[in-house]
Amino acid sequence: MSTYELLQSYWWFLISVLGAALVFLLFVQGGQTLLFSTRSDIQRTMMVNSLGRKWELSFTTLVVFGGAFFASFPLFYSTSFGGAYWLWILILLGFVLQAVSYEFRKKKGNLFGPKTFDAFLCFNGVIGCILLGEAVGMFFFGAEFTVQKGNLLDASSPAISSWASTHGFEAIFNWKNLLLGIAVLFLARMQAAFYFINTIDDVKAQKKQRKEVLINGATFVLFFVVFLIVLLLSDGYQVESDGSISVVANKYFHNFIDMWWSLIALLVGVVLVLYAYVRTIMSDEFKSGIWYSGIGTALVVMSLFWVAGYNNTPYYPSLTDPASSLTISNSSSSLFTLKVMSWVTVIIPFVVAYIAYAWYSLNKKPITQEEMNDESEHKY
Amino acid sequence: MNELTTLVDWSRAQFALTAMYHWLFVPLTLGLSVIVAIMETIYYKTHDSDWLGTTKFWMTVFGINFAMGVATGIILEFEFGTNWSNYSWFVGDIFGAPLAIEGLLAFFMEATFIAVMFFGWKKVSPRFHLTATWLTAIGASLSALWILVANSWMQYPVGMEFNPYEMRNVMDDFWALVMSPVAINKFFHSVLSGWTLAGVFVIGVSCWLLLKRRNVATALRSIKVAGWVGLIGILATLATGDGSAKVVSEVQPMKLAAMEGLYRGECGQSITAIGILNPDKKLGDDEQTYLFDISIPYGLSVLAKGHTDEFVPGIEDLLDGIELTQEGDTIKGVSYTERIERGRAAHESLRAFDLAKAEGDTTGMVLAHADLKKNFEYFGYGYFDSVEEAVPNVPMVFYSFHIMVILGGYFLLFYLVVLFFVYRREKIMTSSKLLHLLAMISIPLVWICSEAGWVTAEVGRQPWVIEGLMPAKAAVSDIPAQSVMVTFMLFAVIFTGLLAAEISIMLKYISRKSKENIDNAK
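Chains A and B supply the protein sequences, listed in that same order.
Just so you know, the first sequence maps onto residues 1 to 380 in my numbering.
Just so you know, the second sequence maps onto residues 1001 to 1522 in my numbering.
In case anyone wonders, no lab produced these hints; they're calculated from the structure.
Heads up, the beta-carbon is just placed ideally off N, CA and C, and yes, glycines get one too.
Accuracy of the hints is not assured; some may be wrong.
Quick look at which bits of chain B chain A covers, simulated, 3 or more residues with Cβ under 8 Å [unchecked claim]:
#, region
1, 1045-1055
2, 1066-1076
3, 1090-1104
4, 1111-1118
5, 1123-1130
6, 1350-1357
7, 1494-1503
Using the sequences and the hints given, assemble the complete structure.
Spelled out as structure tokens, the structure:
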């Protein structure tokens, strides 16, 4: 393997790590969809404030995920964002509304009232989870685009990437993508319930969230299992040694077998999520579900990214023109850029360490009704 | 108007809308974070609870504003992909790196420590809290650093070479990007202009408190901190502005000519201090440039070149490729007509390269590549149909530049006056309605000044997204213009609604707190 190939694989691995972190942190979005499950103002305030201390982290992870994708695989950025225009715009819209809603919801003079901002949070939760799941669904089930770099020289129509005229709506209404999107939504809702159990010290809230785990967890498992079956039975593209693309039956099943470590990550991840699920339902004392489920989720997401992009698999299959499909080698940045950015990644452990320390410092004391009623505390 | 032109216009409008909204909030974040950090530092050192109250008051204002900066920022990043997809490929290898580093180095720092700053008062030690406040401020400035490095590279592309195999530019010198003179000037100019803006904001609000005779001690305390931060800000902004003008004259002479509305330059070129452009003036005609102007002799030669007798080219000189020596001799450079021809030749060479590659003709590829190198410098000009396309919107650039400069000068005076009164004539500072009103009126003015700066920089570099390499019309995505029009409207409505909410929340908060004892914080 050449240094260039090694770095391309390294950056795909980093993308998978960021993707895993993002899906884990989507518990913030999942939690936002649970806000309307209670009518009690104090209960909702506790939920909002529990999530509110982490919303910037999930938001930032999305931004960094986008930035890292741009820097390491710019052809993906160019093709997917400009192509599936409406899918991405809707995602962004949700996050724009989220960014102001925490700070504005309870503030006097916010013009639209707290319920509107809570509705914005709910919108971001539903749309964010489903559409991000669907965007990843395209990594397996493909999209309708072509890439012709020569177009750059056509002054009247210079765009190198062309997409289906529906510009993302076709991807949104693709049932296979939807399977993953809905699975992500219910996963995020289950994780949010785990997180509330972990961070809110209130008997009523604890009881209610365990119910949420039961219902949302079961729905998630149902959709995820169907998605996994569809995925393992699907055909997929393979890049041959001469650079041509061929269709291989059960490509992703083969990828799991060929790359045993990704199969192990998937299985361990699934077991951890199920462990968190079962223990949370069975025991009223168990509050650590978020960590087991979180690590499990991260492992599953990483394994999905690996089978999408490694083992000579185009991670962005073109249904219109297979030769236009994006692979980690034909869409990446140059060797020089990947080297420069790889040097920068040495600070990742330091970043993770300070995030963990700040997280620990803020979560040491669980949220209580007393804290929410304390006028001197900053609250959302 | 054809479909491509409409698409480019709407895409530009959408990006301008997002960027201008974003810049309403970012400079306040940059400056206020430093002001709040200084206030908390004083509290930490003195244990004076009055300073705690003042810190918490401004910190809440900071939080209200911060949210909108974040909301508008995410769109900007993704618009490079959604609306400028060709750009993303053509230069993504260079442009993407600062963006990724920005996220990794700065955004996480900001996001992590801002949570500690707001929620950590009773959860972490005072020292850790103060560190978090400073790290939030540093994180904000670091975020600005990387995006400004990226922006500067678009204005002055360095540290890369063109790869014809992949039809894109690839980076070959990272430090050339970071240390480019455009980047250094732009970073300090933009970030420190944020200090200027936040200083005026804090002083303006404090003067409203003084006018109402509420929380006088808090107001005076705030004016002192904001006055010093703002004075440093405006001095550095003016100094780097001067540096920027010199760099612009070297790397973007067309922008400089538009900033001054200069059609034909001369040795010992004067600078227009105040002027009204003649709307009938067209490229190449003999109409007067100004209806009215007050000029400073030799001003532009000194500003741009550092000498009274240097030649500064005007728009028509640049189009003709003409320069004058100090002796008055004409030097013929490369005219824009020739640039367009050579740009088209570069396109032809690249086309030939692509064809040779498809046919496996390595000799043909080598020859085409050699041809391409001869003209690649003018690659972007090959997209133009006429030389007029290479000229930015002169009135918009001229007026925005002059508004910025005049207001910049005013703010230097403003800070000197405010600092003099608050330290030497405190009674007048406390009671002079004129001073209070002046400070309050200065709040919208400082925003106008700040936005005008970006209009100068960004409209002045049109039609380029990457100077000389890629005009806006070659950078767009393949999407219907109507789609971009719809999203433009959508964002315009949402941003405006949220801006109204932010202003309303801020006014309510300031008004409510003014009636309480701000210093009495828990």
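Now the hints, each set against the structure:
no.	hint	result
1	1045-1055	violated (count 0)
2	1066-1076	holds (count 9)
3	1090-1104	holds (count 13)
4	1111-1118	holds (count 7)
5	1123-1130	holds (count 3)
6	1350-1357	holds (count 3)
7	1494-1503	holds (count 6)
Checked against the numbered hints above, the structure breaks only hint 1 and satisfies the rest.
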